[in-house]
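Chains as they are written, first to last, in our numbering: chain A, 1 to 180; chain B, 1 to 168.
It is possible that part of the hints are untrue.
Think about it this way: if two alpha-carbon atoms lie no more than 20 angstroms apart in a straight line, the pair counts; the simulated PhoX-like pairs of lysine-lysine are [stated by the list, open to error]:
no.	chain 1	residue 1	chain 2	residue 2
1	B	Lys134	A	Lys85
2	A	Lys158	A	Lys25
3	B	Lys149	B	Lys70
4	B	Lys149	B	Lys72
5	B	Lys72	B	Lys37
6	A	Lys86	B	Lys72
Don't read these hints as lab results, they were simulated from the structure.
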Amino acid sequence: MSDIKIAQTPPSIEGPGFQATSLDKIIGLARANSLWPLPFATSCCGIEFMATMGSNYDLARFGSERISFSPRQADVLLVAGTISKKMGPVLKQVYLQMAEPRWVIAIGACASSGGVFDTYSVLQGIDKVIPVDVYVPGCPPRPEQIIDGILKLQEIVKNESLRRRNSDEYKALLGSYGIQ
Amino acid sequence: MVNIDNEYILTEITNQFGDKVYSSYEPYGLLTIEFDKNSIKDLLSFLYNHQELQMQFLTDVCGTHYPDVKGKEIGVIYHIHSLINNVRLRVKCYMPIENPSIDSATFLFSSANWQERETFDFYGVNFVGHPNLKRILNADEMDYFPMRKEYPLEDGTRTDKDDSYFGR
Ligand code: SF4
Chain A
1 MSDIKIAQTP PSIEGPGFQA TSLDKIIGLA RANSLWPLPF ATSCCGIEFM
51 ATMGSNYDLA RFGSERISFS PRQADVLLVA GTISKKMGPV LKQVYLQMAE
101 PRWVIAIGAC ASSGGVFDTY SVLQGIDKVI PVDVYVPGCP PRPEQIIDGI
151 LKLQEIVKNE SLRRRNSDEY KALLGSYGIQ
Chain B
1 MVNIDNEYIL TEITNQFGDK VYSSYEPYGL LTIEFDKNSI KDLLSFLYNH
51 QELQMQFLTD VCGTHYPDVK GKEIGVIYHI HSLINNVRLR VKCYMPIENP
101 SIDSATFLFS SANWQERETF DFYGVNFVGH PNLKRILNAD EMDYFPMRKE
151 YPLEDGTRTD KDDSYFGR
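Take these sequences, add in the hints, and give me the full structure.
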C-alpha cells in the first residue's frame with residue numbers, strides 16, 4: 001500500500017453517475033491545488049526557494065508545478081529576501097499587476113519584518129506596502145518550512161469565499177494600502 | 001629605470017606641489033597623503049600623465065564624516081593605482097561640513113561618475129563639474145545623507161522591535 005495522499009473530495013451527495021457539491025468547495029479545491037507561484041527573490045532566502053523548487057523538495061508535488069514569471073499569470077507572490085525601501089514601489093507594482101484572486105507569502109525574517117536589517121535603507125516588512133496572507137519565519141527558513149507555508153495558504157484558499165474581493169473587509173484592507 | 005616605491009612617489013608629489021601636501025603616512029605600507037582639496041584636479045592629472053608613475057586607474061572614491069574634527073568634518077578619499085608599476089596611493093581631502101564641495105574627477109576618470117554619485121548620496125559632497133550629480137543607491141525621495149553621523153542607523157518605522165535582540 002502506498003501512503004500517497006490525494007486531495008480529499010469535498011463533502012458531497014453522490015449517486016450513480018452524479019455527484020453534487022457546492023461550487024465554492026470545488027473551485028476552492030481546484031485553486032488550492034494549482035497555485036502558480038511568482039518568486040520575488042532578492043537575496044539569501046531566494047536560494048532556499050530554489051531548493052524548494054528543486055528535485056529534493058519539489059514543490060510541484062503540492063500543485064505548484066508551474067512557476068510563473070509574469071505577475072499577470074500568477075496566483076501567489078512569494079517574496080523571499082530583503083526588500084530595500086527603494087525596491088518597495090517595485091514590489092507593489094508587481095502585486096498590482098497580479099489578477100484577483102491573489103495571495104502573498106512573506107518568506108523569511110526579512111520579508112516578514114526586516115529581519116536583522118534594522119536600518120534606514122530596508123523596508124521593515126513587506127506588509128508595509130502590500131497585504132500578506134502567510135508569514136514564514138526563519139533566517140532563512142528551510143524548504144520544509146516554505147512548503148508548510150504553502151500548505152497553510154492552501155487551507156486559506158480552500159476555505160475562503162470565492163468572491164473575497166467583493167467583501168467590504170477585503171476592500172478596506174486594500175484601501176489601507178492605497179490600492180483600489 | 002627608476003625604482004618606484006612610496007618614497008619616490010612622495011618625492012615626486014612634494015616636488016611638484018610643495019606645501020599642498022599637508023601630511024603623509026604609510027599604514028600597512030600604503031602611502032597615504034592628506035592634500036589640498038582645491039588642487040585635487042591638478043594632482044590627479046599630474047599622476048595620470050607622469051612619465052614613470054602612470055597612475056591611471058581610479059580604484060575608489062569614498063567619503064568620511066568625523067563630526068569632532070572642526071573645519072574638516074567631511075572627507076573625500078581617493079585610491080589611485082598604477083597598473084604598470086603595481087603601486088597604489090591614497091589621497092585624503094578634507095572640507096568643512098558647511099560647504100562640502102570639491103572638483104569632480106570625471107574630467108579624467110569616467111569611472112568617477114558613479115563613485116562620486118555614491119559619495120554624494122551618502123555624505124552630501126558636492127562634486128563641482130559632475131555631469132549628473134544625483135542619488136544612485138538610495139531611494140530618490142530620501143531627503144538626508146544617511147551616513148552622516150547625526151542620523152541614526154536604525155529605522156524609525158520598525159514596530160516589532162525588541163532592543164535586546166539587536167544587542168542594545
Ligand atoms: S531572512 Fe535571513 S536568509 Fe532570508 S533574506 Fe533575510 S537575511 Fe537572508
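How the hints compare with the structure:
{"no.": "1", "hint": "B:Lys134 / A:Lys85", "in the structure": "17 angstroms, holds"}
{"no.": "2", "hint": "A:Lys158 / A:Lys25", "in the structure": "7 angstroms, holds"}
{"no.": "3", "hint": "B:Lys149 / B:Lys70", "in the structure": "14 angstroms, holds"}
{"no.": "4", "hint": "B:Lys149 / B:Lys72", "in the structure": "14 angstroms, holds"}
{"no.": "5", "hint": "B:Lys72 / B:Lys37", "in the structure": "11 angstroms, holds"}
{"no.": "6", "hint": "A:Lys86 / B:Lys72", "in the structure": "31 angstroms, violated"}
Comparing the model with each numbered hint stated earlier shows that hint 6 is the single one that does not hold.
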